[in-house]
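Participant: Protein chains in written order, with my numbering: chain A, 1 to 271; chain B, 1 to 264.
Simulated from the structure, these hints should not be mistaken for laboratory data.
Any given hint could be a false lead.
Pulled from the structure, derived: some chain A residues nowhere near chain B, Cβ distances all over 12 Å [unchecked claim]: (1) PRO20; (2) SER75; (3) GLU108; (4) ALA145; (5) ALA182; (6) GLY211; (7) GLU215; (8) LEU266.
Below, a sample of chain B positions facing chain A; criterion: calculated Cβ distance under 7 Å [what the hints assert, rightly or not]: (9) MET143; (10) ARG144; (11) ARG145; (12) VAL152.
Facing chain B, from chain A, some residues (calculated, C-beta under 10 Å) [claimed, not checked]: (13) GLU99; (14) HIS121; (15) LEU130; (16) GLY155; (17) ALA157; (18) CYS160.
For each residue, glycine too, the CB sits at the ideal point set by N, CA and C.
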Amino acid sequence: MIDTSVARSARADGEGGAKPAVECISVQKTFGRLQVLDDVSLTVERGEVVVMIGPSGSGKTTLLRCMNHLERIDSGELWVNGHLIGYRRTVKGLVEESEAEIARQRAEIGFVFQHFNLFPHLTAAQNVTLAPVRVRRMPRAEADANARELLARVGLADKCDTYPRQLSGGQRQRVAIARALAMKPTLMLFDEPTSALDPEMVGEVLEVMRGLAAEGMTMVVVSHEMGFARGVGDRVVMMDAGRIVEMGPPERVLDQPQEERTRTFLSKVLH
Amino acid sequence: MHFHWSFFTHLLFSPPSSFVHGAITTVYVAVVAQTLGVALGLVLALFRRSRRVPLRIFASGYIWLVRGTPLLVQLVMVYDGLSTLGVYSFNNIQLLGISITGVVQAGILTLSINEGAYMAEIMRAAIDSVDRGQTEAAESLGMRRHQAMRHVVLPQALRIVVPPLGNEFNNMLKITSLLSVIGLQELFLAGQDLNSATFRTFEIMLVVAIYYIVMSTVWAAIQSVIERRLEARGGDLVEHVPLRTRLFGGGALAATGQLMRGAR
Chain A
1 MIDTSVARSA
11 RADGEGGAKP
21 AVECISVQKT
31 FGRLQVLDDV
41 SLTVERGEVV
51 VMIGPSGSGK
61 TTLLRCMNHL
71 ERIDSGELWV
81 NGHLIGYRRT
91 VKGLVEESEA
101 EIARQRAEIG
111 FVFQHFNLFP
121 HLTAAQNVTL
131 APVRVRRMPR
141 AEADANAREL
151 LARVGLADKC
161 DTYPRQLSGG
171 QRQRVAIARA
181 LAMKPTLMLF
191 DEPTSALDPE
201 MVGEVLEVMR
211 GLAAEGMTMV
221 VVSHEMGFAR
231 GVGDRVVMMD
241 AGRIVEMGPP
251 ERVLDQPQEE
261 RTRTFLSKVL
271 H
Chain B
1 MHFHWSFFTH
11 LLFSPPSSFV
21 HGAITTVYVA
31 VVAQTLGVAL
41 GLVLALFRRS
51 RRVPLRIFAS
61 GYIWLVRGTP
71 LLVQLVMVYD
81 GLSTLGVYSF
91 NNIQLLGISI
101 TGVVQAGILT
111 LSINEGAYMA
121 EIMRAAIDSV
131 DRGQTEAAES
141 LGMRRHQAMR
151 HVVLPQALRI
161 VVPPLGNEFN
171 NMLKITSLLS
181 VIGLQELFLA
191 GQDLNSATFR
201 TFEIMLVVAI
211 YYIVMSTVWA
221 AIQSVIERRL
231 EARGGDLVEH
241 VPLRTRLFGG
251 GALAATGQLM
261 RGAR
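Whenever a hint applies, use it, and build me the whole structure from the sequences.
Facilitator: Put into structure tokens, the structure is as follows:
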């Protein structure tokens, strides 16, 4: 099923050293006839902030969703923190992991959705405590204290007992970030976290993300916020038609793009 | 024969004990059967969404059989049919100090079996109507599939179920009158018995009808309170339907009810 690289396997079987946070090796994925990811290889080092840009349908969201196995990959390998994500190596090749193991892997990876996906029947604090209590078996009082602290950190100390519907879009997204952080993830994935927001709310969410990056969180962000990419991103990855077109430091990719497709895309986004 | 006013008013305001007991039985059977039907419906809905093929086939087959046959036929089969075959006879039993007659057991059992099939479809529609993103969010936090279902999807689905569930119970209250064919002494049969003694058919059935409408009106008011409370607690998941709409029809509730129920 999967073409494996000997060098990579040796490393990932894990003899010490700083393994990269994320390592994609020749990842392929199709939806029916559509090739959404075409031979994508990408390494994200620990503490790095990678911003993925590209036109819609370019595969950037799909790649992000593969990183916590919300989508399956057809071939290639995807390592997170030194673990094959969603798959297990057997003599017959890679097979999908058990549901329990996939859940364990996901617990280490925070995911922030474009449309927040807060639980509408729970208050902000309950949204944050649910997974620590149910997954980590954390005592409720401790989880609650943590939740209040996290919500204070994203500037929502006074909204702990508020239901999502009573919050603005920007506030909802900040609760969603706090919810992901409550699991103490080592990697945070953001899927267009500000594109469903009114313009005046974008800043408050980016501010929280900027803070996270400053604390050294490893982040992969799908976003069209060029200011954020420039100011916070260590690297920008430009995708188109399921492939990585080019990547590099923001000033190079955004200011002196080498590829015509990047130039065309940027001219559309910036104007 | 003309309309006998004093017979009517006397029956309405000081009913014989058979009427009072009949009405109590109607409510009691309806409540128990609806509760069991909801539980059964939930299990069947989860079966239908299971990854295990036999469970899915079982649930689909069950729903197909039960919804494809008349309740009246099911009732006679369960109570009289099983007994004449010598498979099972419903005898009176004592449960928590209350004596439950065989016919009540058979009635409750059959109504629950029947209601379970309809509730399963309503539950499944409700579960499916919860945004897929909710499950994804729960799973992205490391929750197992069953945990996501229990803590995230079901609480939202149950809120969505409340309005159609109210409709189902309203229907259940009246459908208990079919139990008269197996001789269960509920409100309608109490009326029939009095009828065969007096032949005041119209007056008696008018009183019976008034009793039913009082029960369903009280239920509509209770449902209204439940929904308002849910609305206050939980998000904008349940649209509030004014009591007037609930009683006289129209609006979104009637539409969902029809949609989810299908032809019975």
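Participant: Hint B:ARG144 vs chain A: min CB-CB distance below 7 Å?
Facilitator: 5 Å, holds
Participant: Any CB of chain A closer than 7 Å to the CB of B:ARG145?
Facilitator: 6 Å, holds
Participant: A:CYS160 was flagged as interface toward chain B. Is the shortest Cβ-Cβ separation under 10 Å?
Facilitator: Since chain B brings no Cβ nearer than about 16 Å to A:CYS160, farther than 10 Å, the hint is violated.
Participant: Closest CB-CB distance from A:SER75 to chain B, is it above 12 Å?
Facilitator: Nearest chain B Cβ is 23 Å from A:SER75, so the label holds.
Participant: Tell me if A:GLY155 is really an interface residue toward chain B, meaning its C-beta lies closer than 10 Å to one of theirs.
Facilitator: 21 Å, violated
Participant: Is A:GLU108 truly not at the interface, in the sense that its beta carbon sits beyond 12 Å from all beta carbons of chain B?
Facilitator: Label violated. Min Cβ-Cβ 8 Å, cutoff 12 Å.
Participant: Hey, does A:LEU266 actually stay past 12 Å from chain B on C-beta?
Facilitator: 30 Å, holds
Participant: Double-check A:LEU130 for me: the hint is only fine if its C-beta lies closer than 10 Å to a C-beta in chain B.
Facilitator: 6 Å, holds
Participant: Do the numbers back the hint for A:ALA157, that is, is its least Cβ distance to chain B under 10 Å?
Facilitator: This interface hint is violated because 22 Å lies over the 10 Å limit.
Participant: Close enough to count: is the Cβ of B:VAL152 nearer than 7 Å to one in chain A?
Facilitator: Check passed: Cβ of B:VAL152 comes within 6 Å of chain A, closer than 7 Å.
Participant: Quick one, is the A:GLU99 hint okay against chain B at 10 Å, beta carbons?
Facilitator: 6 Å, holds
Participant: Mind verifying the non-interface call on A:PRO20? Its CB should be farther than 12 Å from each CB in chain B.
Facilitator: 21 Å, holds
The earlier numbered hints that this structure contradicts are 3, 5, 16, 17, 18.
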